[in-house]
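Colleague: The primary structure of each chain is shown beneath.
2 protein chains.
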Amino acid sequence: MGRLSTLFAPERVAVIGATDSEGSVGRAITSNLLESFDGDVVAVNPYKDDVLGLRCYDNVGDVETSDGIDVAVVVVPPDAAVEAIRDAGAAGIENVVVITAGFGETGSEGAARERDLREAAEAYDLNLVGPNSLGVMSTPRGLNATFGNEMATEGDISFMSQSGAFVTAVLDWAAERDVGFKDIVSLGNKAILDEGDFIAEWGDDPETEVILGYLEDIADGETFVQTAREVTQDTPIVLVKSGRTDAGANAAASHTGAMAGSERAYEAGLEQAGTLRVESVQELFDFAQILSGQPLPDGEEIAIVTNAGGPGVMTTDAVGDSDLSLSSFEDETLDALRETMPEEANIYNPVDIIGDAPAERFETALETVLEDDNVAMAVVVACPTAVLSFEELAEVVVSQQQAHEMPIATTLMGGKSVGAGREILSEAGIPNYFDPARAIESLDALREYDEIQSREYEEPATFDVDRERAREILESATRRDTNRLGVEAMELLDAYGIPTPAGGVVSSPTEAQELAEDIGDDVVMKIVSPDILHKSDIGGVEVGVPPEEVRDTYEDLVVRARNYQQDATILGVQVQEMVDLDSGTETILGMNRDPQFGPLLLFGLGGIFVEVLEDNTVRVAPVSEPEARGMLDDIESAPLLRGARGRDPVDEDALVEAVQRLSQLVTDFPAIVELDINPLVATPGGVQAVDLRLTIDQEEL
Amino acid sequence: MGRLSTLFAPERVAVIGATDSEGSVGRAITSNLLESFDGDVVAVNPYKDDVLGLRCYDNVGDVETSDGIDVAVVVVPPDAAVEAIRDAGAAGIENVVVITAGFGETGSEGAARERDLREAAEAYDLNLVGPNSLGVMSTPRGLNATFGNEMATEGDISFMSQSGAFVTAVLDWAAERDVGFKDIVSLGNKAILDEGDFIAEWGDDPETEVILGYLEDIADGETFVQTAREVTQDTPIVLVKSGRTDAGANAAASHTGAMAGSERAYEAGLEQAGTLRVESVQELFDFAQILSGQPLPDGEEIAIVTNAGGPGVMTTDAVGDSDLSLSSFEDETLDALRETMPEEANIYNPVDIIGDAPAERFETALETVLEDDNVAMAVVVACPTAVLSFEELAEVVVSQQQAHEMPIATTLMGGKSVGAGREILSEAGIPNYFDPARAIESLDALREYDEIQSREYEEPATFDVDRERAREILESATRRDTNRLGVEAMELLDAYGIPTPAGGVVSSPTEAQELAEDIGDDVVMKIVSPDILHKSDIGGVEVGVPPEEVRDTYEDLVVRARNYQQDATILGVQVQEMVDLDSGTETILGMNRDPQFGPLLLFGLGGIFVEVLEDNTVRVAPVSEPEARGMLDDIESAPLLRGARGRDPVDEDALVEAVQRLSQLVTDFPAIVELDINPLVATPGGVQAVDLRLTIDQEEL
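Sequence lines, in order, name chains A and B. Numbers in the numbering used here are just positions in the first sequence, counted from 1, shifted up by 9. Numbers in the numbering used here are just positions in the second sequence, counted from 1, shifted up by 9.
Same shape as in the complex, but just chain A:
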């Protein structure tokens, strides 16, 4: 059990600010605790002698018990809250739930108060929930330390929410369904404990089978990814991360002051973390229910058994939309179905056992297909008929599911006639929907989680690089008092083993001449100046310069730059080996730093592909080799790297390595805020970084 186990399974809970005033939050919490908590409740309020039959202490430090208090719930007014937290800490209480609002979610006064709260909590090393929280719940001990109207029923789903109102909505909704919970926490402002702490706790909790979350931001993306990767090896995490859209992100910022991280970083980070991200409340609970109720499939192949052709087709379409695939039955299966099903039946998948099928025929068909090695899961789709009892069908499905221990979902397509059948299924953990698309989406979530569970997260490779040289180059910018670097920093890439064309930046015609002679062929020459952004426009680029013209070209370039801007800072002239762009494919490899997730790598094909078609992909760095390779698979224009239209395929391994090396560079140097290699030319023989821009934060050096 994790370090928060006492928070959810305390022996004794103190309510600081307990009261019996009608309609108050303090009363609601106290009475909710008294209602069902399988432990002691201690009331603290200097203005009361007793509250709801409990003796009232003036201060939580006055409480003398043999075992101490495990959790303090703070419901005092905002100006007394920080003091109450200090009292709790001084009394040796380790867990504090701060219900009180009026902190960071309000103005600057509240923000200052939240800083004080954080200091107090850190001073006593408190596990602090909130502030501005609805509270916490845990069903095994009947703990309801919230001010909501509803206590959760027991179950194996643990749920965290950055919206307290959403907790009350979910509890109200769950009460008329068979959705039970282990622990629930309303995260509030997440001053101390955040989503990462709770997934860590529940990952260690054998009573939690599924972790659900509603989040508006993730405070520390990097830690979250690391924790989630471990947790999801055993326990699925299903999340709504709202504020996905621009409008939604603005709304989230005004709601909880959620930090505006980029949606693309969340998308990449949550995927790399192994969470199942969903977009709607319906999916959140559909996925939770099937993950809690059904085993994982051993494959992606599904059998459909139905008594109705049309709904069978709809279900097949839903399979086509998903990452599941329709099983091809083995010959023995087809033989067995041929023998046992009526002649008019369709024995191929989707199996249509036709409208006059009683429950027994469903049983025979289901048993037959579940024994097929090409079947990893099944969906039963049934329309109401005069000869079919949904109740009997439910029993048949349950017994087959239990006998084969394979995941099944059902689509009993009806309303009132479904009731009893649905209950039987629900007790056995088999979800039932009217809409076959939902059944398939839920089964697909099992497949996805199975795939996540079988992921092996490789460590990012560590290449042998010249870190000191890289630091020197970055520091040279500090000396030049700039935070933008260009091709004059190409050596940064050399230092990290990302190939660049032969060449360098020189500061005299003679040096240029010598360098060109070393290269031994025509060269490209470019003026290097932080003041000249569009070099080509001012004639600052010359391509295919023969060795004998290098001196003169040097002078020309400098003159043109001076003509353009008299006082331009000229760092020199870049002399570079010609790169054959015709036989290569231009790609872009870049990075920017996300406030939540840190360095975010971007890869795509250059030119129109990134600029017009927006065909690119991102990953949170550091990336492992498979993650880097995955970036190449992600883009739609990937076939152009792989020999589409008669081209020679480029050296993919070299591209993948360049991605990893850049990942290492930007991870090693938090000072690199943004970086773009554009183009990184990929050819059948390797890659070459032809141009570079980066922005650095000197304070991080």
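There could be a bad hint or two in this list.
[Stated by the list, open to error] Calculated lysine to aspartate or glutamate pairs in the EDC-like style (CA-CA distance at most 16 Å, straight line): (1) B:K425 to A:D187; (2) A:K425 to B:D187; (3) B:K57 to B:D79; (4) B:K57 to B:D76; (5) B:K425 to A:E185; (6) A:K425 to B:E31.
If you are wondering where the hints come from, they were derived from the structure by calculation, not from laboratory data.
Got chain A; can you put chain B on it based on the hints?
Modeller: The following block gives chain B in isolation, referenced to the frame of chain A:
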């Protein structure tokens, strides 16, 4: 009223094959009719004297009534069904519903029987439903001529389904919800009446507010599109067309023998027809309910009013996912909200009136935003709290909706506490969901239908073309006994005014020389032979041939062709003006003929865009000018036509005109089965068709 009005509102229905045998379909139909039909039921069965208290006639022709029989329902065995239909026709009955199965959906014997049935129906000009139908229903007269278990409740949705089982499922489901129907028809095999007939009927029916359909194929796409365009000016059509995916299409073919039309043709055709196509059963009924219950919005801007920040953010995300947009409130609205709402409230959209809001505060906020000119619709999102009565809230929402006559949906986020409120809302036609995403999707369907209703379908333009010349060129293929044509048919494009480079196909060096001199510049020369597919590979193409080399090049090309294949048919050599591909953008304009929808135009950018990125778009021809222009907007690479990356924009009007002219050509000549102009080069100055391939069906000439 349409010609099928008597089918749904008969005075007298005969059941041919009526029986009282327990468990039989004939008994189910007879007793369903007797149960609720507000008219006379006549039983026909030569082997019975009476059935369920009705006198039994030997033959439907024996029935003598003053008014005649309006509908005959046929439930006799398959081998007697065609005779029964003839009897009905001979007796002057106009409407026949054939329940009997064993026709086209079974083997070849069934298919032959269906041909006989069709002949009989056509001989008597019968309105025939089925065969293999569950039957028809119509609530105003209590007509239940089906063998299902359930009668629909009265409402304004009319529903057709190509799956009888799906009808029974929907009726069972609808019975516990407030979903009522006007007419329902199980289409069966659609031997005579099909989806087009029913949308036409319901389009004319003032009692039908929404048309719903579950279809596996559309028999006559062209007629359907024409009819639907008219109907959807008044009545929305919401469709599930299943068999969308490859797997689903196979399943549909095995279920109803649905013809395999291309999904892309369905997608284009249904969109051009103005139908709302949905993918799931949930959407089908969500859309039906809001279309039947709520007015159309006057715009796309939505106001969100909520008592809970988190769900407000989720709702905002859903708006971001939809084609709706969040209203920007007018200053007066903000002032009014500032005055009436608590300080902690967020008065900007999404309006968060915070957790202590009673129903009255919702009323004030809702009234304020609905009076804003920038608000076209609203969604109310409420979490359960101690101070909020969902029942009161529902009343407030209903009264505001009625006062403002603007569409509203609600998200009362709870379970058991929602019941009474939901009922009040439902009676007023306001849909309620737990999941805000569904509320937004439903409101977005209103917006989409509003946009469809305001469409003006322009007639396709008719250009002045040389149709006779085009026919001659196509007929020349017949003389050559081929069905594939290439550049030798470029004049086909000239005849229809699609610009081609100067040039032609010649059959001697001298002719080549003369033509090149006419062109007056270097030319492109290509061997023209149906036997040589990859001309470049055998040296069959020469680019930039100066006039003085044309003669020799002619000889060379012919020699190379002969060397490649001694007996190749050589039609000559194409001599063509050089087209500057560098300053142009290569596009592809093509057509193939879909079995359901007829000619399907395809447009995209050439090269990698169509071949690797699959970036293209299709429309059912003939297309109007706005539809042709829409094709240019559809493709992702459209910015490349419009001056992305510093290029000059191409002549879009010329492209649009070329699309329309090709549309006219392929509509005029059904003999053209496939046609590809690749490339059609677009430049700032116009377009030029550089290469052409087509396939013709000589029998259609």
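Colleague: Compare the distance between the alpha carbons of K425 (chain A) and E31 (chain B) with 16 Å, and conclude whether the hinted pair is satisfied.
Modeller: Violated, because 24 Å separates the two Cα atoms, which is more than 16 Å.
Colleague: With a cut-off of 16 Å on the C-alpha distance, tell me whether K425 (chain A) and D187 (chain B) pass.
Modeller: Judged against 16 Å, a Cα distance of about 13 Å means the pair holds.
Colleague: Keeping to a limit of 16 Å between CA atoms, is the pair of K57 (chain B) and D79 (chain B) held or broken?
Modeller: Violated: K57 (chain B) and D79 (chain B) sit about 22 Å apart, past 16 Å.
Colleague: Given the hint that K57 (chain B) pairs with D76 (chain B), test it: the Cα-Cα distance must not exceed 16 Å.
Modeller: violated (24 Å)
Colleague: With the threshold set at 16 Å, check whether the alpha-carbon distance from K425 (chain B) to E185 (chain A) stays at or below it.
Modeller: Given that 16 Å is the threshold and the Cα spacing comes to 6 Å, the pair holds.
Colleague: Need the status of pair K425 (chain B), D187 (chain A): alpha-carbon distance at most 16 Å?
Modeller: OK: K425 (chain B) and D187 (chain A) at ~13 Å, within 16 Å.
Violated hints, in rising order: 3, 4 and 6; the structure is consistent with all others.
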